[in-house]
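What follows is the residue order along each chain.
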Amino acid sequence: MSTATTPAHQRPADALRDGDTAARPAPSTGARRLGGVAGWVDDRTGAAKGVTYLMKKVFPDHWSFMLGEVAMYSMIVCLLSGVFLTFWFVPSAGETIYHGSYAPLQGIQMSEAYRSTLDISFEVRGGLIIRQIHHWAALMFVVAVSAHMFRVFFTGAFRKPREINWVIGTILSLLAIVEGFAGYSLPDDLLSGTGLRAMEGFMQSTPVLGSYLAYMVFDGPFPGSAIIPRLYSVHVLLIPGILIALFTAHIVIVALQKHTQYPGPGKTEQNVVGFPVLPVYAAKAGGFFFIVFGIIALMSALVQINPIWGYGPYDPSPVTAGSQPDWYMGFADGALRITPGWLEFHPFGYTLSLNVALGALGLIPVMYTITGAYPFLERWVTGDTREHHLLDRPRNAPVRTGLGMAAMTAYGVFMFAAGNDIMAVLLHMSINDITHFFQVGLFVLPPLAFWVTKRICLSLQRRDRDMVLHARESGTIIRTAHGGYFERHDGIDEFERWPLVQHEAVAPLELPAGTDANGVASPTARSERLRARLSHFYFKDAVNPVTPAELAAAHPGPHEEEVPALEHDADHFVGIEQDHADGVGAPRH
Amino acid sequence: MNALAARRPRPATTVLLLILALVLGAAALVTFATRPASASSAASGDQIAQGKALFQASCASCHGINAQGTMTGSGTNVAGPALAGVGAAAVDFQVGTGRMPMAAPSIQAPRSKVQFSQEQIYAMAAYIASLAPGPAIPTAAQVDFAKGNAAVGGEIFRVNCAMCHNFAGSGGALTRGKYAPSLAGSTPTHIYEAMLTGPQSMPIFSDSDISVVGKRDVIAYLKAISKEPTQGGSRLGSLGPVSEGLFAWVFGLGLMVAAAVWLGKKAA
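One line per chain: the protein sequences are C and F, in this order. Residues in the first sequence are numbered from 1 upward in steps of one, following the numbering used here. Residues in the second sequence are numbered from 1 upward in steps of one, following the numbering used here.
These stretches of chain C come out as covered by chain F in the derived footprint (C-beta under 8 Å, 3 or more residues): (1) 57–65; (2) 132–145; (3) 286–292; (4) 305–317.
Calculated from the structure, these hints are not laboratory results. Fair warning: this is a prediction, and the values are worked out from it, not measured in the lab. Yeah, the Cβ is synthetic: ideal placement off N, Cα and C, and Gly gets one too.
Kindly generate the complete structure, drawing on both the sequences and the hints.
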């Protein structure tokens, strides 16, 4: 929007031409044509405004912001490859005899579903690689969703105003594993059938309703012929529909709320420092899609996944050693493996299989409820109702980071427990010992992870303080003219210092008086006491950032040459959040 | 790309390797197919005497001087079981796979280096077989897997064997440190003998459980899946979803993050 400015000494008549824009060179044929099409569309839809808004949207650059993109692209790869598979897959339990080209199964009775999956693998041109792409992309989808979730959690990106998106993300992650399990169960090979058998067992362990539930889902006794077509509808229609709808909402909310950014010089709660979608992010993100697709294709070309021809057709009597679900369902399988058998009870002649129900049925809702509820819990404890667009460095929220690590450890115990038999064989250990290790580990390791993580965070925060106050020890000893000695400390400049001091100081909430002026007990006293206790747990040993005053006080002494510069720096600090006067604030621009 | 192209095996190499494998396989076949026949048919007195001497020198510490078995002396623990009636097949399997003599007491005798020549093993087998009747070493015809039906063998394998040995015969865990070993590289005769004699934790699959023809089919199946090309790429040990998940997290996510870091660092 630049206009020609008029130098003061020019004649008044020249001002007549003020506001004129210089003639532009005629647009190229291509640009004219594109403009024509864009204009045609805009005339009929009014899309220009929205598209302009989106194209100008600024996104900050950081590798960890691209984990969500990996998830998104893996999902798109799943959708594309999945459409290809539907052209040949026959979702039927109808019986047939195999006469395809895989010799070790010649003449064997199997279901249409299994035969068509074999045909996709051995008869359809390019079928095996697409099948492997579909499966690897599904594994990578859930891997990337988890990694993305870790990033969002540990940087505090779930805080206001992004709680809704955190909840949507939690639901997406749950849907992803259900979708994956439905797909894993479709080919009707020995492994997937064993998985379904396990699922039926989980349902049956539901108190009171169990057998009715299983009969309803399987339309009769296991395995029946209904489950495969039903799972097919769920896998290709129902869950993908919900998944895409929620995922779209997830992305739209990200676009409407500005993207979070890591703290740094010039980055505030009011701005986003980065590059606009057009041309930079469109190119980067578009290119990244092909990189993700390429990596998945590479994995699929080099490494076998789910060799269904090896497992053989499903038959309820056999089972193979090393029957595991795909990794994302491993935690539920692991929970089942480490739940002790004595939790089965027989009250009044009925069987109550808590040995199955606790791990296999109870864990998933409990885990996802805690995950979804965490932002609201933290908000209540901290009493922080402000918006946050600057991310926390994980070390600056030691208790949150510790809780996250404890949760991941508990999840890891469950997940690795699902591989107890594989570990026993590969490590030449007793499967009983490994199982006992996980049983004890479930209770011991998460608190240990919490404690270790929190101590590491606090140490790193102290190191940051030390770095700001004393900078780097250079190891160079200098003798002054008077014969004194000191070690030269290499200064850090204000750009290096900024990330170390930008965060706010925190303190536990004060417990309000339990009674009002008239001595009447407050109706919320109990919850306030709990809140104060939790706040104490979060912030009692907080290490707060260096204040400008501390910074100024720390730099008299022998480094004469540094002091003027530091004082100069301190003059340039102003508080940006006036309600936190002890925060160092942002440099003025 | 050039490095990749240079490492790619040339078609001629693959063909040559295949031919070599075929020749070696045929040679091994001939070796194993001819010997047991001579051993089981003619157990001469000399052979039994030689076997007895070998047994007393190498096995008697645990199994007793007359193969009557011994106790460790603590509780009811057995140092070595009595061997009368285990048959020549058990000796050929245990000694022929290096499981016996055991180097040290352990939960399970692991497969290891074979300590005796095949002649000596036959001699010991003849000695043990002379103590009491037991399963004999299978004949060449019984283990001639070329005549077996791999598809039927696959069904028998999945119903009877896969629960411990895994669908691809990669092995699996049993309780308290015991395990079902991988079947890769096992000879047809040893597979047959294992089914016949039920070594260690393995059940016995007598001829009424799995017929003579059925056993041959199982061997045919195992040989078929070990010879088949690895469709779809590396098998990751044929251990199922655990190794796949590990690969996705380590290799897959590792590459994705590396690409993201590279893109994030790229100046716009």
